[in-house]
Structures are given as structure tokens and as C-alpha cells.
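Student: Sequence:
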Amino acid sequence: MAEPLPPTRPRFPGSGLAKGLAVTLRTMTKKTVTEQYPDVQPDLPPRTRGVIGLFEENCTVCMLCARECPDWCIYIDSHKETVPPAAPGGRERSRNVLDRFAIDFSLCMYCGICIEVCPFDALFWSPEFEYAETDIHELTHERDKLREWMWTVPAPPALDPAAEEPKEIAAARKTAEKLAAQAAPQEGES
-8 MAEPLPPTRP RFPGSGLAKG LAVTLRTMTK KTVTEQYPDV QPDLPPRTRG
42 VIGLFEENCT VCMLCARECP DWCIYIDSHK ETVPPAAPGG RERSRNVLDR
92 FAIDFSLCMY CGICIEVCPF DALFWSPEFE YAETDIHELT HERDKLREWM
142 WTVPAPPALD PAAEEPKEIA AARKTAEKLA AQAAPQEGES
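Counting in this note's numbering, the sequence shown runs from -8 upward without gaps.
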């Protein structure tokens, strides 16, 4: 047997209309605020996702960003170069050199996976959002344009002074203090 429905409040004829009119009157009495966008730039939140900036010096052409991109909108071309040995008697090394790095923003869904997976901090979010084009083919931006946007990337926020010290720094400090304590008695003996 089905359970009885809970009791409902009695509805008065026209109560829905009265509620709707109340919302309308409340909205009409509020002061409107119009953004003067082209003339006045908006204040953007600190973590705004605009476009992706490339810090080319950090890119090692590992291709992680291109492989992890769900839209396949990152295009990377490179070649290998031989680097002479750093010390006499050493062996030559080979390294990848970046030839082309392009992002097709007509395909990009701004998920940020490429920025998260980059192990060398070569990609960053820039708050720039004014890059509209009249032709969709012009939304593929090459590395020179991506490098320009790098200079608009805001500085990272300052660390919280009340935060706990990172364990790596604490371990390094403890080791340095231990070495300094060992070195102090040796200096006193000599």
C-alpha cells in the first residue's frame, strides 16, 4: 500500500502571480550597473583563464602537453641537435630543439590539462581575452604570439606566512644545521 502524501500548504488563487510581481518589483528598484567594456577594462579575478602563454626557454619538447590534450589542438615540431661534451673526455649529447609550437584556439576548450602536465613550467594561463579574429584559420597562434602573451601572465601569489613549511625545505634546513653544528667544533679545534 502506498504511503499518503505529506500535507501541502493551501494555495490561494493568484499567489504565483503575486510572487512573480514581487520579484519584478524588487529587480526594478535595484540600481543597474553597466560595464563600459571597450573603454574601461574589467577587473578580472586573479586566476582568469584567457589564453595560454609559452615560456619557450623552459620547453624541452617532451610532447606531454600535445599527447594529453583531449582536443589535439597543440602542434609541436622539433629536431635533434648534438651538444658538445661539457667536460674534456665527456661524450656528446643530443637534445630536442623546438621548431614549431602552435595552439589552435578554435579547437581549444581551455581545460588547462596542458598546463598541469607540463613538468618544466613552459605553459601558463594569461588573462588576455581579446584575441578575436574574423577568420577561424587565424586562431591558430604560433610560438611568437604565445611568447608575447607570456609577459601578461601575473606573478604567482605570495606564500601564506602562516602556512606550514614545505617538507623539502625543512629537511634541507635540518641537514644544513646539522652540518653547521659538526663544522663548528672542528673550527674551534684548529
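Read the hints as simulated data drawn from the structure, not as lab findings.
The reader is advised that the hints may include incorrect statements.
Claimed, not checked - Here are the simulated DMTMM-like pairs of lysine to aspartate or glutamate, each with C-alpha atoms no more than 25 angstroms apart in a straight line: (1) K136 x E107; (2) K136 x E48; (3) K10 x E26; (4) K136 x E159; (5) K158 x E178; (6) K71 x E133; (7) K71 x E47; (8) K71 x E83; (9) K136 x D126; (10) K71 x E59; (11) K21 x D34; (12) K158 x E168; (13) K169 x E159; (14) K136 x E178; (15) K136 x E156; (16) K71 x D34.
Computed from a prediction, not measured in an experiment: that's the story for all the values here.
Student: Next, verify each hint and record whether it holds.
Tutor: Against the structure, the hints:
1. A hinted pair counts as satisfied when its Cα atoms are at most 25 angstroms apart, and K136 with E107 qualifies at roughly 21 angstroms.
2. Annotation: proposed proximity of K136 to E48 holds, straight-line Cα distance about 15 angstroms (limit 25 angstroms).
3. For the proposed pair K10 and E26, the alpha carbon gap of about 30 angstroms is over 25 angstroms, so the pair is violated.
4. Restraint check: the Cα-Cα separation between K136 and E159 comes to about 37 angstroms, which exceeds 25 angstroms; the hinted pair is violated.
5. Annotation: proposed proximity of K158 to E178 is violated, straight-line Cα distance about 30 angstroms (limit 25 angstroms).
6. Taking the CA atoms of K71 and E133, the gap is about 20 angstroms. The hint holds against a cut of 25 angstroms.
7. Distance check on the hinted pair: K71 and E47 sit about 16 angstroms apart at the alpha-carbon level, within 25 angstroms; holds.
8. A threshold of 25 angstroms between alpha carbons decides the hint, and for K71 with E83 the separation of about 12 angstroms falls inside it, so the pair holds.
9. The suggested pairing of K136 with D126 holds, with an alpha-carbon distance near 17 angstroms, which does not exceed 25 angstroms.
10. Distance check on the hinted pair: K71 and E59 sit about 22 angstroms apart at the alpha-carbon level, within 25 angstroms; holds.
11. Taken as a hint, the K21 and D34 pair is honoured in the structure, with Cα atoms around 22 angstroms apart against an allowance of 25 angstroms.
12. A distance of roughly 15 angstroms separates the Cα atoms of K158 and E168; the hinted pair therefore holds under the 25 angstroms criterion.
13. A C-alpha spacing of about 15 angstroms is found between K169 and E159, which places the hinted pair at or below 25 angstroms, so the restraint holds.
14. For the suggested pair K136 and E178, the alpha carbons sit about 57 angstroms apart, so the restraint of at most 25 angstroms is broken.
15. For the hint pairing K136 with E156, the CA-to-CA distance comes to about 38 angstroms; that exceeds 25 angstroms, so the pair is violated.
16. The suggested pairing of K71 with D34 is violated, with an alpha-carbon distance near 44 angstroms, which exceeds 25 angstroms.
The earlier numbered hints that this structure contradicts are 3, 4, 5, 14, 15, 16.
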